[in-house]
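Q: Now for the letters of each chain:
Protein chains: 2
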Amino acid sequence: MPNRTPANAQVGARVRISDVTPELDCGRYAVKRVLGELVEVSATIVADGHVQVRAELRCRRVGGTRRWNRIPMLEASDEPDRFSASFRVETIGRWEYTVSAWVDAAATWHDELRRKVEAGETELSAELAEGEQLLGVELADVETALDTPGEVRVAKTSLAHRLAVVVEPVFAGFGAWYELFPRSFGGFDGVRAVLPEIADLGFDVVYLAPIHPIGTTNRKGRNNALVAEPKDPGSPWAIGDEAGGHEAVHPDLGTLDDFDRLVARARELGLEIALDFAVQCSPDHPWLAQHPEWFAWRPDGSVKYAENPPKRYQDIVNVNFDSSQAKELWEALLGVVEHWIDHGVRIFRVDNPHTKPFAFWEWLITTVHEDHPEVVFLAEAFTRPAVMSTLAKLGFSQSYTYFTWRNTRSELESYLIELAEQTDWFRPNFFVNTPDIFHEYLQEGGQPAYEARAVLAATLSPSWGMYSGFERAAGLALRPGSEEYRDSEKYQCSAGQVGGELGRLVRRCNEIRRASDVFRHVDNVTFVETAHERLIGYVKGRGTDATVVCVNLDPHDDVEGLATLPDSLDLPPRFGVVDLLSGARHEWRIGDNYVRLPPGGAHVLAVR
Amino acid sequence: MPNRTPANAQVGARVRISDVTPELDCGRYAVKRVLGELVEVSATIVADGHVQVRAELRCRRVGGTRRWNRIPMLEASDEPDRFSASFRVETIGRWEYTVSAWVDAAATWHDELRRKVEAGETELSAELAEGEQLLGVELADVETALDTPGEVRVAKTSLAHRLAVVVEPVFAGFGAWYELFPRSFGGFDGVRAVLPEIADLGFDVVYLAPIHPIGTTNRKGRNNALVAEPKDPGSPWAIGDEAGGHEAVHPDLGTLDDFDRLVARARELGLEIALDFAVQCSPDHPWLAQHPEWFAWRPDGSVKYAENPPKRYQDIVNVNFDSSQAKELWEALLGVVEHWIDHGVRIFRVDNPHTKPFAFWEWLITTVHEDHPEVVFLAEAFTRPAVMSTLAKLGFSQSYTYFTWRNTRSELESYLIELAEQTDWFRPNFFVNTPDIFHEYLQEGGQPAYEARAVLAATLSPSWGMYSGFERAAGLALRPGSEEYRDSEKYQCSAGQVGGELGRLVRRCNEIRRASDVFRHVDNVTFVETAHERLIGYVKGRGTDATVVCVNLDPHDDVEGLATLPDSLDLPPRFGVVDLLSGARHEWRIGDNYVRLPPGGAHVLAVR
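Same order as they appear, the protein sequences are chains Y and E. Under our numbering, the first sequence has 715 at position 602, and the numbering climbs by one with no breaks. Under our numbering, the second sequence has 604 at position 491, and the numbering climbs by one with no breaks.
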């Protein structure tokens, strides 16, 4: 028998709030902002009848004052029932927001009275009496009434749930990264010595390959050889030996004190030190003996090394997240992160997070952020888009991307359009190379290819990065068709060096990035027609902030084309530009602009 | 102090289900289907690691068996991690569905084993031992293992919420409506007499203007005159006099028994009788005396008549949904609907639902559906899109639309594209005219305009309707620029009549609609280029089901153009068509097809 009596809460509910943006997965996940950014909130709000609806956005810092900051929402002039307001996030940490709406009975009465006066009605004494009752004031005549707006809130409704924003430091969303192997630079002291050079190139983050003791069991030799020579140092991702695991430092690199000095010097120079966080162990890691229950043992008593057939990683074993002792394992891994936070680390580049439980990362990042909202996690997940998106939603501040494999004009354009739709949760970091990814485009294109890729990464993505050597166009492929470097630093030391042929370009790119806010966003890009498949053209921002970028994607030949600027960019018909790379000045206009660029060459044209 | 210990529920949760479709407003509202339709459910499902994920769709009729029907979901070949399955709704009423997913540990093991064999690995005894442990069977060798798929479900996850489908009778989504004023036909007996003619024209629903007693206070005269002449019958929407209100019938129309006979005869002919449900009262309605608390009394003791300045409805008063006795009012209105359901009515055309509380309609429709899932509500809401969409989401089976005001090719195309995006909840009913809407296009265009609009409505929308007289191209405007009829039946009787000059075309349209399923959907339309702004062309369906429609929107001149069929319609390069309107046969092809049509003329071309 149905319940034929309406509930009290139903009777009187007149306002409905829906289609709130931003909102991820029905509020399951928080959206992301960096310090100082705006959160622009919109909602569709309707009420029955011809009433005046009012709405407000409420926001507050979680864990701060209990009082909501209330911001009136305005109805869009071009979209009835769509209300918007925004707030600026001024402290890092978790914020929450919600929407409330109500009927303003006084404004409704006032609006109806006005319409009646406009329609020529004159017998309005009943309307005046209603207004007096509603507003609790005396209304001498219609003119007085029309001048007495008042406000009477009825039928107030709020969103059933609160939505969250995670606010992170600026370097969570904007920065230039430089990756190196400390052992190639002589350890912590050696890295400390080159920090000024890295800072001088305009980098913000120095990311170190793992710094922990390296196992000897099944140690990999040079070029990934299955058997190491006695002096081969092994892969730093084979973490742990008898001396220690994830919380220890490799003795060849120095001491923990040396590390602390490195971090301190970096901070003086405005650099962040990013550590690698790889949840895996060499077979010699102390945890195997101390916590055998954290590992998966095979029926024959052996422990399974890491593999993803046909790939095999004989020098590492994975922890077993399905273990009955998984809780303790989670807590130990949290302890590792907190250990390095205590040593001044604020950025963790997480190795292959997609092969560990989503729930673990969500718990780890949330827990770390409760005490340390300034800590940033970069996901090194090259996997399916839905998985990368999930990692971003559950808390990773930024992510590696497919940029390395997007080299043609159409590939770049469609990829940027895809990324622009995800800015509420997914922040890309465009690495131009990594120790694992040395793309054929660079191998074959030589220095012009490097130049093109540097300008693309630096101008298309708020975060970009390179692995040391890129700035010298250095490196040979392991073999034709391979994206691995020959004599890779993953398995041997090399003579570390900062700077080189591309140094000037890299420095200039980083200067340009810092000088304009247009490079802090992914979704402010407008691609333009160029009349040539190898000439990519795009505009970052609009109006007087607009910066036009043209890059010759051909590393071998000059290209000429016509960059066609649409009239939707708030630019005047003709305007002067200055090429921020060369200093040259040109006249540009809405419509066609002739462009000729040498192999790998680029314009970065600021509107003057 | 944060909780540093993970919850049991977190540890072991490995699968995430998101972006389920269909899902309205995060599951707040049910999606809609008519009997026999498919519900195609998709979800993005990811797990960490290189595991084999399996998923199933679960569905069941609410209030039926507790057992879920389980349908395996398949991963899309072109979109990794996107799983889909569908179910057919075979009884009317409320259904629910949800998605479950898990890791298949056996399939994961099997997949890894296969990849190792393919990679040439031969030492696989540990793998076999693992498989034996996992499957609980003996595995003699690798070949046996590869032939032993098994299934071991771990880390199972389900959507946190159930999603709902409201399944309605076919006439909720597909039908041809004929509206009339019973008093113009001599009351219930007179209407009963013309039912065969209406059925012969192919209509499915006969919608009657209100049949209740009409008030005398402030009764409107002919052509909406403020003062009625003694014999003027008044507007039937001014419901109620001393003799009765919403549950009574006007004595001039006959008795309740006569009404019952009308309904019975309609049912014999396969027709539904739709009643008007207008929540408003004449000042003489018995409720004003019996339940003064259901009305809003002004400070001077008068009751406010209905108005939306500058419009005034002096002959009706609205009930007061803000009354402290609103619950009793809601229940009384439910009683009205149930009274007519008891008399065989299954369709209610609701007058101006957007001026009554959303929560009231949601409660009313849900409550009625609990006992009577076959009952259909049509919303007569011509208001802002967000409000019309809200009414549809909260339960109205179908809605009037802006079709009447969409007369140009581009207006029609963009409106249909908009409607096609809302098919999960919003079902349009394209009325070509109503007693309130006599569009200038018809007034000026004459019979060719009527013909064009009939073909458009009948082929573009699964539900379409007309107000009696349309099929004779009858009626004059009240005055130039007005959409009101002169001598409108709203205020006087006329000589009711069924059929006329357009009768043959209307009958043929309804035959064509019944003969092909392509006319049961809104979103299967592809608009085609025609090289002429006044020639609209579209294809319903595809392949051998495709039906090509071309309509000359110009009611004064012939039009010629080229209907360009794209190659995306699964049609052969050349094919024969038969014009279902004229019987003529033609050869058509992918690409350009020459079309010449007289004023208001149309082709409805079935592929042969």
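Everything labelled a hint here was simulated from the structure, so no lab data went into it. Mixed in with the good hints there might be a few duds.
Chain copies aren't distinguished; within one or between two, either way the pair holds.
Below 30 angstroms or equal to it, Euclidean Cα-Cα: the simulated DSS-like pairs (lysine-lysine) are [to be verified]:
hint, residue 1, residue 2
1, K440, K269
2, K229, K417
3, K440, K344
4, K344, K269
5, K603, K269
6, K229, K424
Q: None of the hints should be skipped; say for each whether it holds.
A: Hint check results:
1. Taking the closest pair of Cα atoms, K440 and K269 come within 30 angstroms of each other only across two copies (19 angstroms); inside a single copy the shortest separation is 44 angstroms, beyond that limit.
2. With identical chains, the CA atoms of K229 and K417 are at most 30 angstroms apart between copies only, with a shortest distance of 14 angstroms across copies and 82 angstroms within one.
3. Taking the shortest alpha-carbon separations for K440 and K344, neither the intra-copy value of 38 angstroms nor the inter-copy value of 86 angstroms comes in at or below 30 angstroms.
4. Taking identical chains as interchangeable, the C-alpha atoms of K344 and K269 are never at most 30 angstroms apart, the minima being 74 angstroms within one chain and 48 angstroms between chains.
5. Proximity of K603 and K269 under a CA criterion of 30 angstroms is satisfied in neither setting, with 62 angstroms inside one chain copy and 38 angstroms between copies.
6. Within a single copy, K229 and K424 get their C-alpha atoms only as close as 79 angstroms, which misses the 30 angstroms cut-off; across copies the closest is 9 angstroms, which meets it.
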